[in-house]
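Protein chains: 2
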Amino acid sequence: MDKLDLNFRHEVGGEKLVIAIAQDHVSSEVLMVAYMNEEALKKTLETGIAHYYSTSRKKLWLKGESSGHTQEVKEVLTDCDEDAVLLKVEQNGGACHEGYYSCFFRKIETDSGELKLVKQKIFEPEQIYGEK
Amino acid sequence: MDKLDLNFRHEVGGEKLVIAIAQDHVSSEVLMVAYMNEEALKKTLETGIAHYYSTSRKKLWLKGESSGHTQEVKEVLTDCDEDAVLLKVEQNGGACHEGYYSCFFRKIETDSGELKLVKQKIFEPEQIYGEK
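Top to bottom, those sequences are chains A and B.
Numbering follows our numbering, with no gaps: position 77 of the first sequence is 77.
Numbering follows our numbering, with no gaps: position 75 of the second sequence is 75.
FYI, nobody ran anything at the bench for these hints, they're computed from the structure.
In this text the structure is predicted, and so the values were computed from the model without any measurement.
Certain hints may be false.
Note that identical chains are pooled: a pair holds if it fits in a single copy or bridges any two copies.
Stated by the list, open to error - Computed list of lysine-lysine pairs in BS3-like fashion (alpha-carbon distance at most 25 angstroms, straight line):
#1 Lys58 to Lys43
#2 Lys74 to Lys59
#3 Lys116 to Lys43
#4 Lys43 to Lys121
#5 Lys43 to Lys74
#6 Lys119 to Lys16
#7 Lys107 to Lys121
#8 Lys58 to Lys16
#9 Lys58 to Lys121
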């Protein structure tokens, strides 16, 4: 594959990144948002399994590596200014390490700004990741 | 409203931000991704109209201010680590300044990395924004 001509303009810790949104390819539910560097995007396109760049661990991150909750990538889109990608995926298990299918499981109340749980857990994190 | 207890951890030009994804509240199509500072998020919650933080112009950005293509916000969700928000919106006109309903109008070809147009324009930018 030639060099990917995207705009890796988001910088975290000196790493050049694009924003990466994952969306269920059937229901269109948004599952998570993270970053990718060029290596992560190439790996994703080459393998068909979502790879991100972990800004906390500062390295390539195969989503689901420890949990088995991988994302099979059906399509990758980019936006007008080419600094973000949208992955249409088949999510194995749940996307969220807290036990939810989507990381977006809380609503912000308009009047108070408080957070309110609006989704149900689909697995218990301790059973997947072990006790903390 | 009390101080919003989110993690404005993304820094661009010294401004502390969360990632903000806008999604059609009926079809669930992802429309765009941008950033919000605390002021933009408060304005969005208070007015029910999406406001972002423009990292290029370095100021509050009322989406659709010049085009009329505003976003009426139906719901705001946040993710597990509270550094991103997902807006469920009713999009007036199109979200993309290039004339598309969604900014994600091109697919990345898996084998070549080339970009391929996969959506149709819904308006001509010159007619909305004037000639460049």
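Here is what the structure says about each hint:
Taking CA atoms no more than 25 angstroms apart as the test, Lys58 paired with Lys43 passes inside one copy only; the shortest distance there is 16 angstroms, against 34 angstroms between copies. When the C-alpha separation of Lys74 and Lys59 is checked against a cutoff of 25 angstroms, the pair qualifies only within one copy, where the shortest distance is 24 angstroms, while the shortest distance between copies is 36 angstroms. When the C-alpha separation of Lys116 and Lys43 is checked against a cutoff of 25 angstroms, the pair qualifies only between copies, where the shortest distance is 20 angstroms, while the shortest distance within a copy is 36 angstroms. Taking identical chains as interchangeable, the C-alpha atoms of Lys43 and Lys121 are never at most 25 angstroms apart, the minima being 30 angstroms within one chain and 31 angstroms between chains.
For a Cα distance limit of 25 angstroms, the shortest separation of Lys43 from Lys74 inside one copy, 14 angstroms, qualifies, whereas the shortest one across copies, 36 angstroms, does not. Proximity of Lys119 to Lys16 under the C-alpha cut-off of 25 angstroms is found in neither arrangement, the shortest distances being 33 angstroms within a copy and 28 angstroms between copies. In this assembly of identical chains, Lys107 and Lys121 lie within 25 angstroms of each other by CA distance solely inside one copy; the values are 15 angstroms within and 32 angstroms between copies. Taking the shortest Cα distances, Lys58 and Lys16 sit within 25 angstroms of each other both inside one copy (12 angstroms) and across copies (20 angstroms).
With identical chains, the CA atoms of Lys58 and Lys121 are never at most 25 angstroms apart, being 29 angstroms at best within one copy and 39 angstroms at best between copies.
The structure fails to meet hints 4, 6, 9 from the earlier list, while all remaining hints are met.
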